[in-house]
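S.K.: As a plain string of letters, each chain reads:
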Amino acid sequence: MKTYDHIIRFALLIIVVIVGFCIVRTYMVPESFGNHGSYTYAYYRADSKIEQAARTVVYQGTEHCTACHAPQAADLAEGTHAALDCESCHGSFKAHNNNTPDRMAISDPIDTCMVCHEGLNARPSEFPQISSFAAHVTDLEETLQPDMNCATCHDPHMPM
Amino acid sequence: MKHDRREFIKKAGWTFIGSGLYINLFTLDKALAGSTCTGIRNLYAFIVNTETCIGCGKCVEACRVENNVPPENYRTWVERYTILQDGSVEVDSPHGGEKGFEPVPFKKTSIQKSFFVPKLCNHCKEPNCVQVCPVGATYVTDDGFVLIDEKRCIGCSYCMMACPYSARFMNPVTHTADKCTWCYHRIRQGKTTACVEVCPVGARLFGRVDDPDGPIAKLLKAKRLQVLKPETGNEPMVLYVGLDKEVC
Numbered sequence: 001m002k003t004y005d006h007i008i009r010f011a012l013l014i015i016v017v018i019v020g021f022c023i024v025r026t027y028m029v030p031e032s033f034g035n036h037g038s039y040t041y042a043y044y045r046a047d048s049k050i051e052q053a054a055r056t057v058v059y060q061g062t063e064h065c066t067a068c069h070a071p072q073a074a075d076l077a078e079g080t081h082a083a084l085d086c087e088s089c090h091g092s093f094k095a096h097n098n099n100t101p102d103r104m105a106i107s108d109p110i111d112t113c114m115v116c117h118e119g120l121n122a123r124p125s126e127f128p129q130i131s132s133f134a135a136h137v138t139d140l141e142e143t144l145q146p147d148m149n150c151a152t153c154h155d156p157h158m159p160m
Numbered sequence: 001m002k003h004d005r006r007e008f009i010k011k012a013g014w015t016f017i018g019s020g021l022y023i024n025l026f027t028l029d030k031a032l033a034g035s036t037c038t039g040i041r042n043l044y045a046f047i048v049n050t051e052t053c054i055g056c057g058k059c060v061e062a063c064r065v066e067n068n069v070p071p072e073n074y075r076t077w078v079e080r081y082t083i084l085q086d087g088s089v090e091v092d093s094p095h096g097g098e099k100g101f102e103p104v105p106f107k108k109t110s111i112q113k114s115f116f117v118p119k120l121c122n123h124c125k126e127p128n129c130v131q132v133c134p135v136g137a138t139y140v141t142d143d144g145f146v147l148i149d150e151k152r153c154i155g156c157s158y159c160m161m162a163c164p165y166s167a168r169f170m171n172p173v174t175h176t177a178d179k180c181t182w183c184y185h186r187i188r189q190g191k192t193t194a195c196v197e198v199c200p201v202g203a204r205l206f207g208r209v210d211d212p213d214g215p216i217a218k219l220l221k222a223k224r225l226q227v228l229k230p231e232t233g234n235e236p237m238v239l240y241v242g243l244d245k246e247v248c
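Chains as they are written, first to last, in this note's numbering: chain A, 1 to 160; chain B, 1 to 248.
The following block holds chain A by itself, in its conformation from the complex (with noise of 0.2 Å):
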């Protein structure tokens, strides 16, 4: 007389292993987890690109300051920084929150100029540089007074 019992047993066990297998996947792959086209490029989880578009945005762009400083706005149009955005000087407008408006102005008025106008080698010849400070002011014949900077002489806005 044959019996089955013992493959009875494994095959149950199996069944266990296999089940239990398929409900812990359920609860660790997230649902938009799969194939969105490649296998090799776009195997992810959809919801990660939403998340990440979702993000909030620091940077807020000229035309968003223009709102309140009009003036300042249609200066830099005009001159030869027309180019730049109010952010690349005085930073993001995130500093901008709490009514502190202080915290976005210009706290060095030589350093903030001669991070870009400082005389590089890199730097194309046709961009307008200078070897120091100092040397600018004396090299146009001008007094250097203690408490000179940039924007004695050029309104920063349009500079030229």
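In case anyone wonders, no lab produced these hints; they're calculated from the structure. Wrong hints could be hidden among the right ones.
Stated by the list, open to error - Under 10 Å between C-beta atoms, here's a sample of chain B residues computed to sit facing chain A:
| no. | residue |
| --- | --- |
| 1 | W14 |
| 2 | G55 |
| 3 | Y81 |
| 4 | E102 |
| 5 | G136 |
| 6 | T138 |
| 7 | Y165 |
| 8 | F169 |
| 9 | M170 |
| 10 | H185 |
| 11 | R186 |
| 12 | R188 |
| 13 | E197 |
| 14 | V198 |
Claimed, not checked - Okay, derived cross-link-like pairs now, PhoX-like style, lysine-lysine, Cα gap no bigger than 20 Å in a straight line:
| no. | chain 1 | residue 1 | chain 2 | residue 2 |
| --- | --- | --- | --- | --- |
| 15 | B | K229 | B | K245 |
| 16 | A | K49 | B | K191 |
| 17 | B | K113 | A | K94 |
| 18 | B | K151 | A | K49 |
| 19 | B | K125 | A | K49 |
| 20 | B | K191 | B | K223 |
| 21 | B | K245 | B | K113 |
| 22 | B | K125 | B | K229 |
Every residue, glycine too, gets a C-beta built ideally from N, C-alpha and C.
Once you have looked at the hints, place chain B on chain A.
M.R.: Coordinates of chain B only, in the frame set by chain A:
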């Protein structure tokens, strides 16, 4: 039950023919279609003009603030190449160029030429980094952005090793791989990338390749463009104007 050799060979033959037909009719066409048609279209490109870049580092700063990049890690950075008269090449990028550059300690006469090369993730057509990810945490969107799902990333850093451009880094805060997203959130919300927005000389341009009035289509027509390390076969979508042979 009798088993003879003739019967076995007959059955094996039928099985072989049957499985061959099955593969041909039902699976091979799908497999082939899958390998050529991925559904991904590389609709966007980024153009960097090394001839106009002044190395002010505004892009690096804007990227950090916009994307909350931890200090001393860079999603974009600016390198300065100084090629000397004797042919030697000096490359420096202090703090990724974020605080600007100091003059180089060489005599002006000993310098043959010098220029800045801003770098960022190339959002390649065939990205090695995506191919090697074992958990599907990095991927190409259907319009060509290469992104990272930080919730799935296990921080194994295979992608960092696979990227020939060293565009990826391990984020010390999240302990996941991190890199430039081409400001995916800004593009989806109708703005351009933060680095493009703040660049004072227009050395960075971003837009759709198929927009005839956009900046990219115009430069694609007007300029001869090069990519970094074309030999790696990644097919970058960041294109460079005025790239020197010394740049790698």
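S.K.: Of the numbered hints stated earlier in the document, which are not met by this structure?
M.R.: 1, 7, 8, 9, 17 and 20
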